[in-house]
Amino acid sequence: MANSIIELKNLVFRYASATEPCLDIASFRAVAGDRVFLYGPSGSGKSTLLGILGGVLAPQQGEVTILGQNLVSMTSAARDRFRADHIGFLFQQFNLIPYLSVFDNVLLPCRFSERRLQQALAGGATLHAEAERLLSHLDLGPALWDRPVTQLSVGQQQRVAAARALIGRPEIVIADEPTSALDADRQASFLQLLLRECGEANATLLFVSHDRRLAKDFKREIDLSTINSVSHEQEAA
Amino acid sequence: MNHLLMLAVRSAWNRRLTLSLTLIAIALSVTMLLGVQRVRDEAHQGFNHSVTGTDLIVGARTSPVQLMLYAVFRIGEATNNIRWQAYKDISASPMVAWTIPVSLGDSHHGFPVLGTELSYFEHFHYGDGDGLVFSQGKPFKDTFDAVIGSDVAEQMGYHLGQRIILSHGMGMAGLPEHSDKPFTVVGILAPTGTPVDRTVHISLEAITAIHLDWVGGAKMPGFFIPSEFVHKFDLTPKEVTAVLVGLKSRVAVFRMQRNINDYEKEPLLAVMPGVALEQLWQVVGVAEKALLAISAMVVVVGLSGLIAVVLAGLNERRRELAILRSVGARPLDVFLLLTAEGLFVTIMGVVLGVVFLTLMTLALGPVLKSHYGLAIQLQWLSPEELKLLAAVVCVGLFASLIPGYRAYRLSLADGLTPRI
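Chains as they are written, first to last, in our numbering: chain A, 1 to 237; chain B, 1 to 420.
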């Protein structure tokens, strides 16, 4: 049996301003190399779950074990470092820092995490070369590397963001609707690139979307609204 | 830490248009603050350096400040003179090393005329103990010789040998003239940065001579004594306006001061220049303190503008902050990032303000010197100015904590998914 990468047990989360919990998950588990499609319609507690997995939110009850470490017992600063070291994030759009170059955007996790920096250098090359390798794998040719990121198309921006999520080989990549701003053709090709690169990097991919059509490429599909026993209420604002 | 600074700088550069406007506002306010401080310093120093080496200044009994004003700065007029005998008595004191009699009241195109003796050129000192130096010519010898200060020479375009006519009384225009007794410029003094530069010096005898045929501030009708005959009269002055006194030993200054103040034949006042100058400065100082306070307010306004701009931009940057959070930035990092940005702009503003000040000193220095007698020169920042700049940076830092804290709260609330 494969190693458990993410494990949630009896998780209950309630926002400080709310009276009712917005997340109550009895059990969730993802193993090494897993490709999980998490179906999360709006109101299902998706953002909250991502916040908990990323360590920016701490649940009131339950266990959050990632890579064998219990996030709940960590300080918030330790969770921030843990996120930087082990998780690559990818959002729906406007994923890039507009005033940084393509390379500085890609290398951003290496600035905050010594571990990601060392792993990016582990291939024997320079940081720049590693960024170039990822960008090339994601079909971003050298002609685009020196452009201001604001001049890239949305699809190109998402691939830069994917390179950023993958650099330094984090064990987990969490993608939050990364394709929602792309048209159907580009959605499919972006998804293939992402799946391929996660496979190559041996990263566990947690792909969150409200678009079920994308689920066919994943080994596993989970409906957040079924594992979250809080009824379909509004997410806390 | 380094990467945060890099991010702060790049982020600020990205919004350079809006930030540069506040940057210029801060720079100009810093220029104003430093400029006021510099003019203040220069004025204060010029003030204290207008007379040095003189132990006592003696005049008719009045307030010390007023005595300084007319005897040293030629501002206002003496209400009373002191008799020649009193001057003789003071000079004869065994404690006294030298005396300079000063007789005021006439003018030349607005420049004060000062009657004195040759001891003036020997014993009058200013600045850090500098004596008077002739740039051209020599002290007066004949009755109708005049020695002019550098500003008089420059502004009137006078050279040696120039014939000048003095006016009776102080003021610019409409004064009766001593046109029957013209003077000849025989000496021009080097610049001193003191009221000396704006003074026409003649002998005490000359003062007596030009007033021989005058009574009560007007020419006596039908009575005229040509220049060549004045020597037939006794030209010993009857009065002088004030006396500068140098003592053999400074230890005796309080004794001598008491002696003069207790002089029985007429009421006299002796003041120590340093003490009276400080008193005078305290009067003048209120205005310059107010000016400095206003400049400080302007700096605060400039910094408020900066904070407003950074805060206003913050909402549009929530996604940027969320991205930074996702790659591992702590809320503390976000706080530092925004604070660093405000601090960075403040420091740039201070540096630019110093550059502006330098440029303005180069451009306006000559004008200030010739019109207001303020010698503002290029110089390193004084400790006092560095303190002011440090205060600006500190206020900038504290002000920048506001957007820093706001961003910290936002990034805690937003986490990885900004609600915009």
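These are calculated hints, taken from the structure and not from any lab test.
What you are looking at is a predicted structure, and each value in this text was computed from that prediction instead of being measured.
Just so you know, even glycine gets a beta-carbon here, dropped at the ideal spot from N, CA and C.
Certain hints may be false.
As the list claims (entries may be wrong) - One-sided excerpt, in silico: chain A residues whose CB lies under 7 Å from chain B: (1) 35; (2) 77; (3) 83.
Hint check:
1. 35: It is violated, given that the least Cβ distance between residue 35/A and chain B is near 21 Å, above 7 Å.
2. 77: holds (6 Å)
3. 83: holds (6 Å)
In summary, the structure is inconsistent with hint 1 from the numbered list given earlier, while agreeing with all the others.
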